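Protein chains in written order, with our numbering: chain A, 32 to 338; chain B, 591 to 684; chain C, 63 to 268; chain D, -6 to 539.
Quick caveat, the hints were computed from the structure, so don't treat them as lab data. This structure is a prediction, so every number in the text was calculated from the model and none was measured. Treat the hints with care, as some may be off.
[To be verified] Pairs of lysine to any residue residues, derived as SDA-like cross-links and limited to a Cα-Cα distance of at most 20 Å, are as follows:
#1 C:LYS151 - C:ARG229
#2 B:LYS653 - B:SER599
#3 A:LYS71 - D:ARG344
#4 A:LYS273 - A:ASP290
#5 D:LYS131 - A:VAL103
#6 C:LYS115 - B:VAL633
[Claimed, not checked] Which bits of chain D does chain A cover? Going by a derived footprint, with three or more residues having C-beta under 8 Å, they are:
#7 63 to 75
#8 169 to 183
#9 269 to 283
#10 301 to 309
#11 350 to 358
[As the list claims (entries may be wrong)] Ranges between beta-carbon positions, derived for each pair:
#12 C:LEU166 - B:TYR654: 50 to 56 Å
#13 C:VAL218 - D:GLY132: 26 to 32 Å
#14 A:GLY281 - D:GLY14: 46 to 52 Å
#15 D:GLY528 - C:VAL218: 52 to 58 Å
#16 A:GLU241 - C:VAL189: 17 to 23 Å
#17 B:PHE678 - A:LYS306: 44 to 50 Å
#18 B:LEU635 - D:GLY528: 57 to 63 Å
#19 C:VAL225 - D:TRP309: 48 to 54 Å
Idealized CB from N, CA, C, for every residue including glycine.
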Amino acid sequence: MFEGASNLAAGVDRTFILILAIAVFFIVGITTFMIWTLFKYSRKKNIPARQFTGSVTLEIIWTVIPLILVMVIFFYGWKGYAPMRKVPADAMKVTAIGRMWQWSFDYGNGKLSKILVLPINKAVRMDLHSVDVNHGFFIPAFRVKEDVIPGYKNYLWFIPKYKGDYDIFCTSYCGLQHSGMNTKARVVENSVFVHWLDSLPVTGNIPDPEGLVLIKNSGCIACHSLDGAKLVGPSFQGVYGKKHIVVTDGKEVEKVVDDAYIATSIIDPGKDVVKGFNKGLMQSYRDKLTDAQIVQITDYLKTLSGK
Amino acid sequence: MSTEKHHISTYMSHGAVLVILLSLTALSVGMAELHLGAISVAVALLVASVKGTTVLTYFMHLKYESLFTKIMVAAVFLMYALVIIFLFFDYLFR
Amino acid sequence: MAEIKNIAPSEHHDYQGSKMGMWIFIFTELFLFGGLFLVYAVFRTQYSADFHKAAEETNTFIGTLNTIVLLISSMTVAMSITAIQSNNKGRAIRLLLVTIVLALIFMVNKYFEWGHKFELRLYPGSVVLTNLPKGELLFFGLYFMMTGLHALHVLVGMILLTVTIFRIKSGHVHSGNFSLIENSGLYWHLVDLIWIFLFPMMYLIT
Amino acid sequence: MSNSETHPQVSYLEYQGKYKGILGWITSTDHKRIALLYLYCIIIFFFVAAFLGLTMSIEKMRPGQDFMNAQTYNGFFTVHGIIMIFMIVIPGLAAVFGNFALPLLIGARDVAFPRLNLFSWYLYVTGAILAVLSQLLKGGAPDTGWTFYVPYSAGSSTNVIWALTAAFVLGFSSILTGLNFIVTIHRMRAPGMTWFKMPLFPWALYATAWIQVLATPIVGITLLMVIAERVLHIGFFDPALGGDPVLFQHLFWIYSHPAVYIMILPAMGVITEIFPTFSQKPVFGYGAIAISSLAIAFVGYFVWGHHMFTSGISYWSKWFFSFLTFIVAVPSAIKVFNWISTMYGGSIQMRPPLLYAISFVFLFMIGGFTGLFLGALATNVQLHDTTFVVAHFHYIIFGGMGFAFFAGLHYWYPKMFGRMYSDRWAYIAWGFTFVGFNLLYFPQFIIGIQGMPRRYFDYLPQFQWGHFLSGIGAFILVTGLILMAWNLIYHKKRGAIAPANPWKGVTLEWQIASPPPVENFDEIPVIKHNPYWFGTEEEIRREKKS
Ligand code: HEA
Ligand code: HEA
Ligand code: CUA
Ligand SMILES: [Cu+2]
Chain A
32 MFEGASNLAA GVDRTFILIL AIAVFFIVGI TTFMIWTLFK YSRKKNIPAR
82 QFTGSVTLEI IWTVIPLILV MVIFFYGWKG YAPMRKVPAD AMKVTAIGRM
132 WQWSFDYGNG KLSKILVLPI NKAVRMDLHS VDVNHGFFIP AFRVKEDVIP
182 GYKNYLWFIP KYKGDYDIFC TSYCGLQHSG MNTKARVVEN SVFVHWLDSL
232 PVTGNIPDPE GLVLIKNSGC IACHSLDGAK LVGPSFQGVY GKKHIVVTDG
282 KEVEKVVDDA YIATSIIDPG KDVVKGFNKG LMQSYRDKLT DAQIVQITDY
332 LKTLSGK
Chain B
591 MSTEKHHIST YMSHGAVLVI LLSLTALSVG MAELHLGAIS VAVALLVASV
641 KGTTVLTYFM HLKYESLFTK IMVAAVFLMY ALVIIFLFFD YLFR
Chain C
63 MAEIKNIAPS EHHDYQGSKM GMWIFIFTEL FLFGGLFLVY AVFRTQYSAD
113 FHKAAEETNT FIGTLNTIVL LISSMTVAMS ITAIQSNNKG RAIRLLLVTI
163 VLALIFMVNK YFEWGHKFEL RLYPGSVVLT NLPKGELLFF GLYFMMTGLH
213 ALHVLVGMIL LTVTIFRIKS GHVHSGNFSL IENSGLYWHL VDLIWIFLFP
263 MMYLIT
Chain D
-6 MSNSETHPQV SYLEYQGKYK GILGWITSTD HKRIALLYLY CIIIFFFVAA
44 FLGLTMSIEK MRPGQDFMNA QTYNGFFTVH GIIMIFMIVI PGLAAVFGNF
94 ALPLLIGARD VAFPRLNLFS WYLYVTGAIL AVLSQLLKGG APDTGWTFYV
144 PYSAGSSTNV IWALTAAFVL GFSSILTGLN FIVTIHRMRA PGMTWFKMPL
194 FPWALYATAW IQVLATPIVG ITLLMVIAER VLHIGFFDPA LGGDPVLFQH
244 LFWIYSHPAV YIMILPAMGV ITEIFPTFSQ KPVFGYGAIA ISSLAIAFVG
294 YFVWGHHMFT SGISYWSKWF FSFLTFIVAV PSAIKVFNWI STMYGGSIQM
344 RPPLLYAISF VFLFMIGGFT GLFLGALATN VQLHDTTFVV AHFHYIIFGG
394 MGFAFFAGLH YWYPKMFGRM YSDRWAYIAW GFTFVGFNLL YFPQFIIGIQ
444 GMPRRYFDYL PQFQWGHFLS GIGAFILVTG LILMAWNLIY HKKRGAIAPA
494 NPWKGVTLEW QIASPPPVEN FDEIPVIKHN PYWFGTEEEI RREKKS
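So here's chain A without its partners, still in its complex pose (with noise of 0.2 Å):
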């Protein structure tokens, strides 16, 4: 918390020192009164209980104190707040996109790069991007934190003050590697900043291979992931080429996965039946998809297995 590294940590750490002594202040207060009574009314001394029930002004005090107290707090948050949603608009723009468990950040046209680098002083404008599941963005030395949700277009902006490493973290729980989601955010001179984009590779922006948008648009992705998890059908990950038991008219045999084992599986999806999953719920596409969609489709699955 210590080292607020950008223009809204003010914000932030204000009101943190804020509640800070409210909650020091009561805290301390009530139990040192609560120790305190232990002492002073003791049953040993033996004096009667006072049968008091109540005041109402008392009542009125510890009513209107407290609600003027969260007020101000109400309000200092949202002061600390309120810039954060507002993004300058010369601000640099840069897309960071959550993957199970990757970050990647795009740059425009074409440039991705696997950590955040940034010139100082320079607002940045993040526009949050997930491919499969929620993801969280979080840097906690710029204050900022923003879930990336599928479907939705979030945002945070910033401007970095000081030159250094930085940690960013995925906050919002998404499977086996949330916990290896991180890189780094570096500050450098805009100099240093302009000569690290230009040296950064085209690698990205590439659109999605045929097979893809195929799989894409017939609906495959219902029920067959592309990240080896297990849905109503097997996982398109590593499949092609892979060795496993099917069940054929009642028999368990063993095939390997080649361009005709899956022509057919499409075709005629209850000839073969994969062992574990269920006959019947996949459907025939034969007259969706042509043979050389079906190729396409084939060409796509090798590149899941690396081939």
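Using the hints provided, position chains B, C and D with the ligands relative to the given structure of chain A.
Coordinates of chains B, C and D with the ligands only, in the frame set by chain A:
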């Protein structure tokens, strides 16, 4: 138990309520056929609310229940309305 | 609150209490469907055009028919309570039987309606459905979930009413003790009440 | 349970109904027996879930993998969360002490629907078994976190459906308990007990019951929707099927925020019973405490959005939910001030229940004030989904509700079992528990502020010191809890016979034998005074000169 008084509705009154409900149904189906756009949504929901209230008051006997039951039902619908409103605080101001 | 008596709770039957319990149960049911209504409301504002298109797909005629059937059945239940209160057991039972028959008609209609959707391959997870525009997909998801859950309640209501008939026959329910019939009546009206809202949401809104 | 031949003196523990032994217990509709059934289940499940928590803490004492892998860890915190929340703290105080003490406190012979009450317990057990099975079955423990956020939970290949079903069934058990209590409080108060002569624990239960009834169905249907999403591929929340993931968060928290008040309100109620008894004076500001319970329940229903400040909800709804969050803090403040004023001017006897009650107030304040950090928009951005949140809710749930549970257990133990435990061992156990607890969770505040995210199996080295202290704290805490359990279990059969009224309490449950007879009261008492009427000081000025 038998000391408590129960309101006994007549068969006729039930029949009358049914007639009202059926005509309201006819009304809302008719309105929908007219394709009035945005208004038809409002009308359909309004008619549904009137029908719902009728069922609550007469068929479900709310009219003859204790004041507390009435308040309870009203409060529950109010709570639900508040939930919708607060949810739409998000969706309408995105 | 007037009479609290010194007898064991098991021997004492608290008429107001059990009715209050039933009302509270009805509230939970309302909120159960309320959750679905919330989802409907949100998607409907976001995809009104798609919802419009998808809603034309639903059969207004069957919907209207079922509305009428349920309204009538609501009335017959209400009447059967009147019958019990005026000590007319035979009539009460007949009215309840009519209610159950109406409920059956409702279910048969529902069967044909869903069956038709399935013929069009418009069932959850079907290829046709998954390839529809987002809003229509959501509409049909809600359609199946809401009408399905409602149909489940119709079934439960039918069972409850059947039990009531047997209790009337065996003489447990009579003009001096009609909690059971009143409470199953309340439940049945709830089923109707929910349908009153489902009907315009699924069949009418254009 | 016919009372025709029961002698009024037979205690509910010894009473022989139609069946003997364990069958006599699990078919009994006696609210006191059902309370104990809940108690035993809750202790067993608490042990299971706490064991999962303990292993998580130990695993994290060093960065990297020590003795469990990431998948196991993810399964552990999910099942830990599900069991703790849905099976322990939500039914916890309401079902155990509510069932045991509510009819006694309002002068009734049982709850309004005794058979429904037993049925709730069966639902609870069914749900519990499902939850435990989800950990053990073939697909692997669910790994979504107790919040089941979609899309992850729509895709995860583990036993998510089992866990969802378990939570659904447990929810219905909770609804039925709530329904039962509302009707009981309305219909079965002893003659003369007007609303404002009712003790404050029933008031708290009343407020709780309404939340149970009105909030739980929403999560029920939401979980059903996720199940439908997984099984039938109906899109509601998963963007791949056209749905909206943030809508799920809304629906989930519409229930799960009020649920935290389901946990804390009965705890506050128990504490409110304890302070007057040990101070021998009426509770301070009866009306304010009663009404603030209702206020917390009502306003608390509408603050769910504070869990979603970083999810991309609209600016004005953040503003609004933050505002309401601060409003709920005020009734909590009122209660705290009223409790400490109850002690002021009393004749205070230090006994274990009071010690636990005081620790409750202390820990609850820490938990509550850290809630304010989370409720303020600016600080929430920094703290959301960090171990600060973990520390906040462990302080308020374990420190608050847990300690209130221990307080209530020590308070009503003599009434439940008719025996006394050892005070000395109770103090020693308290010492370990209190110290261990703070050592376990306080460091998590600090590393949370520094940016340590939650649900992390592994972490960067700069956070190690905090995790290490936590691990040590966990061991001390466990020692304390085992001592406490031993003290209570050992003395259940061997402790000194408890008098009917060991603490000189004035509420109705202390006016009957310990343990209470089957039918509670030989004759239903007629209520004349307010519930905390200790007499003297000229018999309260000759009854206010009436
Ligand atoms: C019993 C359970 C319980 C209770 C009672 C509370 C009570 C409160 N909680 Fe907490 N909360 C949880 C359980 C609970 N919480 C859980 C389980 C989570 C995490 C869920 C998850 O993500 O897994 C959570 C998360 C959580 C968040 C979301 C964090 C995030 O993920 O970003 C927030 C944000 O506003 C919050 C706020 C509060 C507030 C303001 C209160 C208030 O009600 C507190 C009020 C109390 C006091 C203020 C102290 C006493 C008062 C005084 C001593 C008098 C003086 C007071 C003043 C001057 C103000 N809580
Ligand atoms: C009631 C609520 C409750 C309680 C009591 C606890 C108790 C504990 N919890 Fe917890 N915890 C949660 C609710 C609770 N937890 C929730 C909701 C989450 C969030 C899950 C999520 O992210 O989805 C969580 C998450 C959570 C995490 C974070 C995981 C992460 O984000 O990475 C950790 C990490 O250490 C943890 C640890 C512990 C530990 C060490 C205890 C210890 O205090 C336990 C010590 C106790 C013992 C070991 C038992 C000994 C007992 C006996 C012998 C019998 C007792 C007998 C009697 C009472 C009579 N818990
Ligand atoms: Cu990505 Cu957590
Ligand atoms: Cu909350």
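Hint check:
1. C:LYS151 - C:ARG229: 11 Å, holds
2. B:LYS653 - B:SER599: Roughly 11 Å between the alpha carbons, so the hint for LYS653 of chain B and SER599 of chain B holds.
3. A:LYS71 - D:ARG344: 16 Å, holds
4. A:LYS273 - A:ASP290: 12 Å, holds
5. D:LYS131 - A:VAL103: 53 Å, violated
6. C:LYS115 - B:VAL633: 19 Å, holds
7. 63 to 75: With 3 residues close enough to chain A, the hint holds.
8. 169 to 183: violated (count 0)
9. 269 to 283: holds (count 10)
10. 301 to 309: holds (count 4)
11. 350 to 358: holds (count 4)
12. C:LEU166 - B:TYR654: 50 to 56 Å: 31 Å, violated
13. C:VAL218 - D:GLY132: 26 to 32 Å: 31 Å, holds
14. A:GLY281 - D:GLY14: 46 to 52 Å: Because 51 Å falls inside the window, the suggested range holds.
15. D:GLY528 - C:VAL218: 52 to 58 Å: 54 Å, holds
16. A:GLU241 - C:VAL189: 17 to 23 Å: 20 Å, holds
17. B:PHE678 - A:LYS306: 44 to 50 Å: Because 49 Å falls inside the window, the suggested range holds.
18. B:LEU635 - D:GLY528: 57 to 63 Å: 60 Å, holds
19. C:VAL225 - D:TRP309: 48 to 54 Å: 51 Å, holds
Violated hints, listed in ascending order, are 5, 8, 12; each of the other numbered hints is respected by the structure.
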